[in-house]
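If you read the sequences in order, they're chains H and R. For the first sequence, our numbering gives the first residue as 14, with consecutive numbering after it. For the second sequence, our numbering gives the first residue as 14, with consecutive numbering after it.
Think of the hints as simulated: they come from the structure by calculation, not from any bench. You may find that some hints are simply not true.
With a straight-line Cα cutoff of 30 Å, these simulated DSS-like cross-link-like pairs (lysine-lysine) come out [said to hold, decoys possible]: (1) H:50 x R:57; (2) R:35 x R:62; (3) H:57 x H:39; (4) H:162 x H:50; (5) R:39 x H:162; (6) R:57 x R:27; (7) H:23 x H:162; (8) H:162 x R:120; (9) R:57 x R:162; (10) H:35 x R:162; (11) R:39 x R:27; (12) H:23 x H:120; (13) R:62 x H:162; (14) H:117 x H:23; (15) H:39 x H:27.
Take a look at the letters that make up each chain.
Protein chains: 2
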Amino acid sequence: MQTKSEMISKNQIKYIRQLELKKFRKRENCFVAEGPKVVGDLMKRYQPKAIFATDEWHPSSMPDATVLTRITDDELRRISFLQAPQQVLAIFPIPEGMKSEGVKSGKLSLALDGIQDPGNLGTIIRIADWFGIDTIYCSEDTADAYNPKVVQATMGSLAHVHIIYCNLLQLFQSLPPSYPVYGTLLDGNDIYQQSLSQEGIIVMGNEGNGISEAVRERVTHRLLIPNFHQGDSAESLNVAIATAITCSEFRRRGTK
Amino acid sequence: MQTKSEMISKNQIKYIRQLELKKFRKRENCFVAEGPKVVGDLMKRYQPKAIFATDEWHPSSMPDATVLTRITDDELRRISFLQAPQQVLAIFPIPEGMKSEGVKSGKLSLALDGIQDPGNLGTIIRIADWFGIDTIYCSEDTADAYNPKVVQATMGSLAHVHIIYCNLLQLFQSLPPSYPVYGTLLDGNDIYQQSLSQEGIIVMGNEGNGISEAVRERVTHRLLIPNFHQGDSAESLNVAIATAITCSEFRRRGTK
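Using the sequences and the hints given, assemble the complete structure.
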């Protein structure tokens, strides 16, 4: 069944395609999300600026007719960033960064120091959401969380996690005295044997180089995920995998 | 500096490109690996059938001149499956599956029930290697571990982990009595609170549907990774992430 189109203009198509670029997202202060799950989760929290959907899309609560444009499958293919477009593409405003707020006491947060891969960043946001970590501080050189690839990899978790881009060194300077900063480092202590609090910042580093030297100096608790591989080769864990194992260890302690 | 080419023939290029197809890999019984890390790790364990490398490639032990062909950057680009080719592409024989061997006592293994995404499969092989799990049983409908995308995602771990494609139900039937079969299921028991042995099979299910019904019936220990998200939305964990958390929990117990 072909959707009857309300027409999408060439300018609209161009506008949406340009939102692939960070520069353009910053200027327009909005980002693209796609598919019923991701768009649905974001709509629970944020007011969409525009929605383009085929007739197949049946959200649990229908958006205002002023923001919804019905389009054909062919039109959706033309605006989608996905290989297999999924019923709906929406444009949302980029949430405020809450830059000056400072860390919340009694909470765990993540700090990402130069994560480059959009898939890793999206997966980390999804992991944070699973483990009830609602704030992620990102260094300025971390990938942009509103990149379409990141948005899709979060599977809707972007709706539940605050993303704050900031200078991590300034963030650490603003922390209360003895506020714990955890980091996984090659010379760290076995994470399974350490006591881990339910308050603190967990720093995860760049895919190739790990945590940068300046940030490393501010880590107060050095952790190591031990390698159980028997043999000579130097293995490594993907940063999203390391984040999952680390968050799991922290939360496990909280349940006891 | 441009490498002086020993020439790669059109037939060789065609042959390598066809190794993207499972059908062709099965017929030829070989697969492609790329980059110094992945090729180097595989060479420690398997004898390559052919290596195509630019002059930049300096392996720790140089392969036999009969298998090595020096090629130009441009030729490498023509045969590579990577967006950014990395010095070397090698063809290895697919290792024997050891189908009749049966499970080893006193060991943990993984069983994958219909994992579809090559990236997930590669990441799971890498996780298994990290946690010292040297055997992965794959259902026949799991993605092919020798797909170039999987091989690259393993980051060389394919050299350390045995991959055995088999009928999982037949595998379970061949197990000794009371051999533990663990699976993560929505109605499972909190993994952090369960006793976990260092012998058994850990089953991970398909990305969308989880563990298939027939396999689920053979799971003797049902596990759940608890969700710490506060709120109404039904979140999920990527299967590679769930594998990492599960393996981490098993190995942690072994270190105490």
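Hint-by-hint comparison with the structure:
The suggested pairing of residue 50 (chain H) with residue 57 (chain R) is violated, with an alpha-carbon distance near 45 Å, which exceeds 30 Å. Of the supplied pair hints, the one linking residue 35 (chain R) and residue 62 (chain R) holds, its CA atoms being roughly 18 Å apart against a limit of 30 Å. Annotation: proposed proximity of residue 57 (chain H) to residue 39 (chain H) holds, straight-line Cα distance about 23 Å (limit 30 Å). At most 30 Å may separate the alpha-carbon atoms for a hinted pair to count; residue 162 (chain H) and residue 50 (chain H) meet this at roughly 15 Å.
Under the criterion of a C-alpha separation no larger than 30 Å, the hint pairing residue 39 (chain R) with residue 162 (chain H) is inconsistent with the structure, at around 33 Å. For the hint pairing residue 57 (chain R) with residue 27 (chain R), the CA-to-CA distance comes to about 27 Å; that is within 30 Å, so the pair holds. About 23 Å separates the Cα atoms of residue 23 (chain H) and residue 162 (chain H), which keeps this hinted pair within 30 Å; it holds. Taking the CA atoms of residue 162 (chain H) and residue 120 (chain R), the gap is about 39 Å. The hint is violated against a cut of 30 Å.
Pair hint residue 57 (chain R) plus residue 162 (chain R) holds up; C-alpha atoms about 21 Å apart against a cutoff of 30 Å. Simply put, residue 35 (chain H) and residue 162 (chain R) have alpha-carbon atoms about 28 Å apart, close enough for the 30 Å limit, and the pair holds. Between residue 39 (chain R) and residue 27 (chain R), the direct Cα distance comes to roughly 16 Å. Compliance with the 30 Å bound is thereby established for this hinted pair. For the proposed pair residue 23 (chain H) and residue 120 (chain H), the alpha carbon gap of about 47 Å is over 30 Å, so the pair is violated.
Simply put, residue 62 (chain R) and residue 162 (chain H) have alpha-carbon atoms about 37 Å apart, too far for the 30 Å limit, and the pair is violated. A distance of roughly 46 Å separates the Cα atoms of residue 117 (chain H) and residue 23 (chain H); the hinted pair therefore is violated under the 30 Å criterion. A threshold of 30 Å between alpha carbons decides the hint, and for residue 39 (chain H) with residue 27 (chain H) the separation of about 16 Å falls inside it, so the pair holds.
Violated hints, in rising order: 1, 5, 8, 12, 13 and 14; the structure is consistent with all others.
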